[in-house]
Amino acid sequence: MNPESNPLKIDESPELSARVLSDISVSRPVLAFFAFAVAWLLIGTVFGLTASLKFNFPDWLGSFPALTFGRVRPAHLNAIMYGWVSLASAGCAIWLTVRLCQVEVRWRKLLYASVLLWNLGLLYGTISILTGNNQGLEWLEFPRGAAILIAVAFVCLSLSILRTFHARQVKHIYVSLWYIMASVVWFPLLYVIANLPFYSGVTQAAVNWWFAHNAITVWFTPIGLAAAYYFIPKVVGRPIYSYYLSLLGFWSFALFYNWNGIHHLVGGPLPTWLISVSIVASVLMFIPVITVAINHHLTTVGHFDKLRYSPTLRFVVFGAMCYTAVSFQGSIEALRSFSEISHFTHYTIGHAHLGMYAFVTMILFGAIYYTMPRLTKWEWPYPVLIKYHFWLVALGIGLYVGSMTIGGILQGLYMNDASRPFISSVEVTQPYLLARSLAGVLILIGHLIFIYLFSLMILRRGPERKAPPWQEEAEVIFP
Amino acid sequence: MMFIRLSTFFLGVLATFFLGWAGLTLIPGIQIREIKPSSELKPYTDEQFSGRAIYIREGCIYCHSQQTRPEGFGADQLRNWGRPSVPGDYVYDKPHLLGTMRTGPDLFNIGARQPSEDWHLIHLYNPRALSPGSLMPPYPWLFKEEDEFSKEVHAAMGKKVVPVPKGFAPEGKVIIATQEALDLVAYLLSLNHTYPVE
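Protein sequence lines correspond, in order, to chains A and B. Going letter by letter, the first sequence gives residues 1 to 479 in our numbering. Going letter by letter, the second sequence gives residues 1001 to 1198 in our numbering.
The calculated label-pair distances, taken between Cβ atoms and stated as ranges, are:
| id | chain 1 | residue 1 | chain 2 | residue 2 | range |
| --- | --- | --- | --- | --- | --- |
| 1 | B | 1116 | A | 57 | 23 to 31 Å |
| 2 | B | 1039 | A | 413 | 32 to 40 Å |
| 3 | B | 1018 | A | 273 | 18 to 26 Å |
| 4 | B | 1152 | A | 336 | 53 to 61 Å |
| 5 | B | 1086 | A | 413 | 26 to 34 Å |
| 6 | B | 1039 | A | 272 | 17 to 25 Å |
| 7 | B | 1159 | A | 60 | 24 to 32 Å |
Which chain A residues stay away from chain B? Per the calculated CB distances, all over 10 Å, these:
| id | residue |
| --- | --- |
| 8 | 23 |
| 9 | 27 |
| 10 | 159 |
| 11 | 290 |
| 12 | 301 |
| 13 | 329 |
| 14 | 376 |
| 15 | 399 |
| 16 | 448 |
| 17 | 456 |
Derived list of chain A stretches under chain B, where covered just means 3 residues or more per stretch with a C-beta under 8 Å from a C-beta of chain B:
| id | region |
| --- | --- |
| 18 | 67-81 |
| 19 | 129-140 |
| 20 | 177-187 |
| 21 | 206-214 |
| 22 | 249-256 |
| 23 | 268-275 |
Treat the hints as calculated values from the structure; they're not laboratory data. In this text, a Cβ means the ideal position worked out from N, Cα and C, and glycines have one as well.
Please model the entire structure based on the sequences and the hints provided.
Have a look at this one:
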């Protein structure tokens, strides 16, 4: 390697050079995961915006079967969840594991196999939905073949991560690793059990929502939290506030979050005790959420000025705050009296985006901003565009969640008022649905900027910079 | 990890997971398995079943639920959407189509509420022909446009002419329902769970 073109100067300290070596071992697979993730982000965003516009202009493109709302909407969900978020989380999980175990990545070929199978599954699944081959279960729309490809891809990922973890060179197992190791065990189990063909009727509904909520519980959230636990202390330059809080946060999370899913069927034809158990568990989620929030806040406090120059920190702290917000919202939403209004409305859609976008996606952006220079040995060009990216998507998602929240509550109130005709609950949402499309446009522009920057990074184009546009962080994870 | 061994960690990870799985799916599954179909519930006919597949294919589920809520929980009862649904109403449903969204009304008893085949066909061809302000998508690919003959000629050829109101179909054309449209409507009309349950 030519040291001239290497801004990450390999230094004499053994820890640093071990780290650089492990970065090199991992850079290609992680880059592959990130690059495909970004491609699916674009595809998924376009589907999402199309679906949103269909609400505003129901006859627009109305004669194309593949573009009808009922196909584009699940295509959006699957492209984002199993495409963008999953692939980016996978890249992030691999990178964090290697970093925190201080070894080279193991079974690298499995990772390449994973990316390949994953994308084949996604492509086949998405095309199937658009051409009308939908399994009919929310979050499990992909036909069996696509589901098997993705399951195998995930097992490959898990094996490589667990093997790397097993080979670790460190004594201390950092919090982020707990979340990642739990996650790579949980998700394959969950996905396989949920795709088994044994269920029907209301039992299937229970399995369906146990799965859909747990996909968030055991995969998207833990990786988001693992990243937040790593990047916040790293960029702020001080260790995580309390180890004990992390421990309490992790185990209460593992214990309660698994029980949440059935609140999606509140008021439905299932045994009442079942729904009640889920509601209780959803409220108990206050415990892990508050512990994590306190822990992250007390780590950052006094260093909020760093938000200004570190894009990583800005995205990650935004995401971590939204984790607290979305979890509080979720606990309240599960209560019967509140869900009587919010259930079956756009409010839930707003909640879902607060979780999967404002929390998870923002943290993944932060993680990508941090890791890319270490993977490509090239600094981010045009920091001002990073600012545009942040503000466009932050405002976009704010407008999105705000309009869906208000629109959804009005929709619910009108729907529950039998003196109004049903159609009034449709009409009252129209301005909010329009605002949502505007939010989608802002988010899409933000993504285009991000994708442009990302492509420059991959191609190592743009003005060459010797130092990162923000300060190097101190050593805090391994003091 | 400072306090616990790694094996204990992975054991805990598996235990918390399977605890939730057992509590939320296994135990209710066993409890629900005892449930018999509601006495007057009939299995789907072939036609209704094909229609159900089209309901799934077109993603009606993303805007319509199929579960009626009890009195005091939402306005389902006041809107006459039918008695609260029970697990026995769903035994033939695979995949289940309970749904989580009501951009449009609940359809669990649409067959009782709107028994007209023509109404459903027109509505599917273009919802705004019957419900101004609706944002439901049109499904023109379930229909064929043909040159106008007299009604009798089409009927004699065994074709179902859809009485689309003026202005919603192209000039000089008649709209013919395909088998898919007829199947879908057969399925919608089968959604009638107004029989009594204990």
